[in-house]
Amino acid sequence: MMDYVVAFIVGGALCAIAQLVMDIGKFSQMHVMGLFVATGVFLGISGIYDRLIAVAGAGAVLPISGFGYFLAKGVLAQNEVNGWLAIGSGMFQFAGAILSFAVVLSFFTALLCKPKG
Amino acid sequence: MKLAGKQTWVFEHDIYIQETGTAVGPLEAEGPLRESFDIAHDDLYCGERTWELAERRLMQEAIDVCLQKGSISFDDIDLFLAGDLLNQNVTANYVARTIPAPFLCMFGACSTSMQTAAVGAALIDGGFARTVLAATSSHNATAERQFRYPTELGVQKPKTATFTVTGAGAVVIGRKRGRWRIAAATIGKVIDAGTANPFDMGSAMAPAAASTIEQHFIDLGVSPADYDLIVTGDLSRVGSVIVRQMLAESGYDVTDNYNDCGLMIYRPDQNVFAGGSGCACCAVVTYGHLLKEMERGALQKIFVVATGALLSPTMMQQKQSIPAIAHGVVIEAVKEGQ
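Chains as they are written, first to last, in this note's numbering: chain A, 3 to 119; chain B, -8 to 329.
Just so you know, these hints were derived from the structure itself, not from any lab. If you're wondering where the values come from, they're calculated on a predicted model, not measured in any experiment. Heads up, some of the hints might be wrong.
Said to hold, decoys possible - Chain A residues, not near chain B, derived (Cβ > 12 Å throughout):
| # | residue |
| --- | --- |
| 1 | M4 |
| 2 | I19 |
| 3 | F44 |
| 4 | A60 |
| 5 | W86 |
| 6 | A88 |
| 7 | P117 |
As the list claims (entries may be wrong) - As a list, the in silico DSS-like pairs of lysine-lysine whose alpha-carbon atoms are at most 30 Å apart:
| # | chain 1 | residue 1 | chain 2 | residue 2 |
| --- | --- | --- | --- | --- |
| 8 | B | K(-3) | B | K292 |
| 9 | B | K150 | A | K116 |
| 10 | B | K(-7) | B | K310 |
| 11 | B | K167 | B | K326 |
| 12 | B | K150 | A | K118 |
| 13 | B | K326 | B | K283 |
| 14 | B | K148 | A | K118 |
| 15 | B | K310 | B | K148 |
| 16 | B | K167 | B | K(-7) |
| 17 | B | K292 | B | K180 |
| 18 | B | K180 | B | K310 |
| 19 | A | K28 | B | K148 |
| 20 | B | K180 | B | K150 |
| 21 | B | K310 | A | K28 |
| 22 | B | K292 | B | K167 |
| 23 | B | K150 | B | K310 |
| 24 | B | K150 | A | K28 |
| 25 | A | K116 | B | K148 |
Glycine residues also receive a C-beta, built at the ideal position from the N, C-alpha and C atoms.
Produce the complete structure using the sequences and hints provided.
This is the structure in structure tokens:
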């Protein structure tokens, strides 16, 4: 039960930060998204995001910063085998699944639903 | 000379609005002016497959109902003037395929309603046409993807954003005596207040509206008290305050007889942010509601100032500011036996 509460609080806190950046910093939605992905990458490389996921689980994985984390994680995983090339080859090792899932889900949503506004 | 002062046209002949037609979408039909509109749809698609086709249908219906109400046939129309908000004015251009009259497409963003009415009246006064059909339209969903973001993206909007009205308005203007007379028109200058926020069009357009209204008073030597109502097109809650303030600073008090179409068309609790906007906002409120009020005798003489923000998404992406324009038309009620 405690896991759910922590995930809820951490995930909510990340979203609250994004909202504050948008409202106070006058950033557009696209900029905030980019900012969060990039932050996820940096925190992923430095290992901080691993610790956050250990504490909060889905609360840290689900926000878009989690996508940045998986980009970084893929590169790090292939780093020993491919060296610098891992930046290209490893980036989508884990994040690819997220992208494919989004594309497939969007396709079926578009087939089944009609925009209302 | 028909030009009074610098920017105002005073028509020599009596030019009348002979008939009007309006068609609106579901949210407008739920609003406080629902009784004023000729056709109301309960679905945003208006029975069509796409939003753009829905907007085209609205304009077509507004024209059809206008001609039908006035028993006017297409043979009587010497010129068709129309415009909308979409790229290449597709709504107006495609509707014009079905109108057997010469056509001039006009773009003035949301000022198109009064732009077409003013130009139509001028052409009639000059003898280039006997009867002119003028129409304009906008659709919430087509405007969203044209100017903002696709609604499916679910982008948050600030309170200063406006909500594009779904609807279309048409008028037939001519020399034949009607219930309303177009007496004068003031053509606006493009004013750029330097703002670059497409989610705050009210602030961008208010200086243009103030400029046109002030120039109108100067050109004709009249004061705000000469009008029962001075109404702007779509300045919303944000812009209407600014224009009031700017006019007060220039010594024109419009406290008692000023309103904005964008504030009249929706109830405040309809989740429309700062109020209505779009070509159809000024068109359906004026042609639908205000002219009926004049017929009823509640208003005698009004000055309708349609405001337009002349932006494009490409210019916004290149961080350019928003030029704005406002065109005003004086409409008088024609009394029985006058």
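These are the hints, each one checked on the structure:
Taking the minimum C-beta to C-beta distance to chain B, about 32 Å, the non-interface status of A/M4 holds against the 12 Å cut. Chain B leaves A/I19 outside its interface by the beta-carbon criterion, the shortest separation being 15 Å against a cut-off of 12 Å. Every Cβ of chain B is farther than 12 Å from the Cβ of A/F44; the closest lies at roughly 26 Å, confirming the non-interface assignment. Even its closest Cβ contact with chain B, about 21 Å, leaves A/A60 beyond 12 Å, as expected for a residue assigned away from the interface.
Here A/W86 stays apart from chain B, with its beta-carbon at least about 34 Å from theirs, past the 12 Å limit. At the 12 Å boundary, the C-beta of A/A88 stays outside the reach of chain B, the nearest C-beta of that chain being 33 Å off. With a closest Cβ-Cβ approach of about 6 Å to chain B, A/P117 is found to fall inside the 12 Å limit, against its non-interface label. The straight-line distance between the Cα atoms of B/K(-3) and B/K292 is roughly 22 Å, inside the 30 Å bound, and the hint therefore holds.
For the given pair, B/K150 sits about 27 Å from A/K116 by alpha-carbon distance, which is consistent with the 30 Å threshold. Of the supplied pair hints, the one linking B/K(-7) and B/K310 is violated, its CA atoms being roughly 40 Å apart against a limit of 30 Å. A C-alpha spacing of about 15 Å is found between B/K167 and B/K326, which places the hinted pair at or below 30 Å, so the restraint holds. For the given pair, B/K150 sits about 22 Å from A/K118 by alpha-carbon distance, which is consistent with the 30 Å threshold.
Note on B/K326 and B/K283: the hinted pairing holds, with a Cα-Cα distance of about 13 Å set against a maximum of 30 Å. Of the supplied pair hints, the one linking B/K148 and A/K118 holds, its CA atoms being roughly 18 Å apart against a limit of 30 Å. Proposed proximity of B/K310 and B/K148 is supported: the alpha carbons are some 19 Å apart, at most 30 Å. Distance check on the hinted pair: B/K167 and B/K(-7) sit about 20 Å apart at the alpha-carbon level, within 30 Å; holds.
Distance check on the hinted pair: B/K292 and B/K180 sit about 24 Å apart at the alpha-carbon level, within 30 Å; holds. In summary, the hint linking B/K180 to B/K310 is supported, as the alpha carbons are separated by about 22 Å, within the 30 Å threshold. With a CA separation close to 12 Å, the supplied pair A/K28 and B/K148 stays within the 30 Å bound. Annotation: proposed proximity of B/K180 to B/K150 holds, straight-line Cα distance about 28 Å (limit 30 Å).
The hinted pair formed by B/K310 and A/K28 meets the criterion: a straight-line CA distance of about 14 Å does not exceed 30 Å. The straight-line distance between the Cα atoms of B/K292 and B/K167 is roughly 20 Å, inside the 30 Å bound, and the hint therefore holds. Using a Cα cut-off of 30 Å, the hinted pair B/K150 and B/K310 holds, with the two alpha carbons roughly 21 Å apart. Proposed proximity of B/K150 and A/K28 is supported: the alpha carbons are some 14 Å apart, at most 30 Å.
Our distance criterion of 30 Å between C-alpha atoms is met by A/K116 and B/K148, whose separation comes to about 22 Å.
Checked against the numbered hints given earlier, this structure breaks hints 7, 10; the rest are met.
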